[in-house]
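S.K.: Residue numbers (the working numbering), protein chains in the order written: chain A, -10 to 340; chain B, 21 to 390.
These aren't lab readings, by the way, just hints derived from the structure by calculation. Quick caveat: nothing in here was measured; it's all calculated off a predicted structure. Among the clues, some could well be false.
[Unchecked claim] Capping the alpha-carbon separation at 25 Å, the derived lysine-lysine pairs in BS3-like fashion look like this: (1) A:K64 with B:K66; (2) B:K387 with A:K30; (3) A:K147 with B:K66; (4) A:K30 with B:K106.
[What the hints assert, rightly or not] Which bits of chain A does chain B cover? Going by a derived footprint, with three or more residues having C-beta under 8 Å, they are: (5) 14 to 27; (6) 49 to 57; (7) 62 to 69; (8) 162 to 172; (9) 211 to 223.
[Stated by the list, open to error] Some chain A residues near chain B, calculated using beta-carbon distances under 7 Å: (10) T1; (11) S39; (12) S43; (13) R46; (14) A79; (15) Q83; (16) L331; (17) V334.
C-beta: ideal position from N, C-alpha, C; glycine also.
Letter by letter, the chains look like this.
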Amino acid sequence: MFPKGGEVAMKTAQETSRVLTTKTMSPAALPDMEGWLRFAKSAEEAGIESTLLSFSRYEPDTFSIACAVGRATTKLKFIAAYRTGLMQPATFVQQINTLSGLIDGRVALNIVAGSSTTEQRGYGDFLEHDERYARADEFLAICHSFWRRDGEVTFDGKYWRIEGGRLLTPFVAPDRPAPEIYVAGHSEQAQQLALRRGSCWMRLIDTPEKLQPLVGHFREHGVEVGLRLCVVCRPTREEAIEAARDLLPDEDIGKQERSILIRSDSQTLKQALATADDVGWLNQNLWAGLVPYYGSSAITLLGSPAELADIFLQYKRIGVSQFIISGWPKLDEMVIFGREVLPLVREAEGH
Amino acid sequence: MSLRFHWMLPKGGEVALGAPQTARAAARYRIQSTHITSSAPRPDMKGWTHFAEQAEGAGIESVLISFSRYEPDPILVGCALGRATKKLKFIAAYRSGLMQPTTFVQQINSLSALIDGRIALNVVAGSSTEEQRGYGDYLPHDERYTRAEEFLAVCNAFWRDDGEVDFEGKYYRVERGMLHTPFLAPGRRAPEIYVSGHSENAERLAIAQGSCLLRVADSPDKLRPSVARIRQQGVEVCLRMCVLCRPSREEAIQVIESLLPERENPRHERSAAVKDDSQMYREASTLAGMGNHWLTRSLWAGLAPHYGPVWTTLLGTPEDIAEALLEFKAIGVTQFILSGWPELDEVVTFGQKIIHLVREAESREAKNPV
């Protein structure tokens, strides 16, 4: 995960918690080129392939960030999150294609059908949750027909209509005619969308046993599976647990966090909250204790470098091929991951 | 107030690095820029950065980045080029109707914060019906202006930054809109907004929601009443035209006439000149029937019927051109967006030979007001 504005300079989880970054005066609203470039260069050195830029009304636009940081880096890729329904698909493709030409094709998309109803209405989007997926499906169908570049694009759908569509600026990347498309979400509609229009289904981490059948299903259809998780890596499991417990917020902030989270109508989040309430520990190394405070993507894998490397390989065996990782602080945890965990994974993979 | 000079950003591959380019070659490039084989759709950071440096050196304030299906997206080009420059501003052309206004404001605000506020907007209500449909826009010409007005009203409500944005219009509806990333610029809370067009609708839109009306140059006599009307409403007027500066007027005329098509140009080349529902383009094609294309002694519209209104050219010696610019200033015009053949050479000439004549006259005028 790409850090928010000002986050690279923050040292504690409490500082970076969601409630602080959604306040009007939060530095998350402003671009932070200095911090971002430091992070991006460290990510390149750590062996991280891409960084996910999140989309919300609390943050700068993901395309501009990818453009500015991409122009200043050479290897790192950017997975730009965008919600469908905020622009015409032709305009969207023109922007992405332009961006690809400016940063050597180092851009992928994380398509999100929508977020909370309140936030969507502030963007002029009044569709309900389920319909947003139907619209996202049409949206991506049009994008794909532009990317196929086999003539003018004509489409007559329920949500979008286009006639003789043509864009001369191509998607440019060393080995792809179109960006990779990550579709996030746990709902049945999200899964269908990923299968039909995506290249990778992105979901929250769960235990390998629970994920195995789902992952198998996606891989059979030629779609990859990527997991979102947090990592706390310390020399021993005990130290990692202690470090993770230190991330729990002050009681006051904790309450505000929960109320923000409960307002969301995302199924992903509801599931994660339910899980966390019931158990906390999903298995010996997977802890959901931070979810009530930091959101659904805070399910945390913790342990020693050897344990973590081993666990990543377990996921690989059931067919998971990608991970989008966060940590607190993001920069420090990423450096640890690159130094301690990744070499063990690569070694086991026979690199 | 000093006249403000802007330039068109050359298209991809238009700036020929390391080799001189003739006016004819430059014109040919521009005519073919909508062909599938053109380099115009590809970002050209090398050429653009070089041009931007020369433009900054020439005293050019901004470059206009045009919008069409034949070119890269102007907001992202503004971002990349803005990160590579320090002074130059960018006027990004965008059509309303392609994006939700909230998303548009989020993009523009993010861009402003990344490039020190060096961003302005050229809002265009639409283009040819055919091109608009390719973007999913099916509204007829006049309605596009009504929609553009709503679009800008929502944008301006975000930029006022006085609470959540609620809007219920015919084309847009926003409920409790809020964006945390502000528009950031020294001395401004919102971008300058240039509204293009020659129709009454365009003028109304500029007055209602814009800061400047952008139109193609015509003779000062013809422009005087409308410029006065618009200035009275506190809105600036900016003229678009090409400049062609040579040591003698005869030489300039010879060069511009060499750009005329040798024969009636084929239909595909005229396509740029016949955007069916644009008033600006309709006016230009009626010029074709007129014998005399000299709008003033220095302003020639002879290319407009063939290639479109923006080929209207101010030509002559540096003195001729400076004088003509000051005549526009006298009737209330405050800004210009210029082009040249080729863009690069002409911007350099403008900086070396013309702008100081204008500035000298302006400072004389400031000392001895009329």
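S.K.: Against the structure, test the hints numbered earlier, and report the numbers of the ones violated in rising order.
M.R.: The structure conflicts with hints 2, 3, 7, 8, 9, 10, 11, 12, 16 and 17, although it agrees with all the remaining ones.
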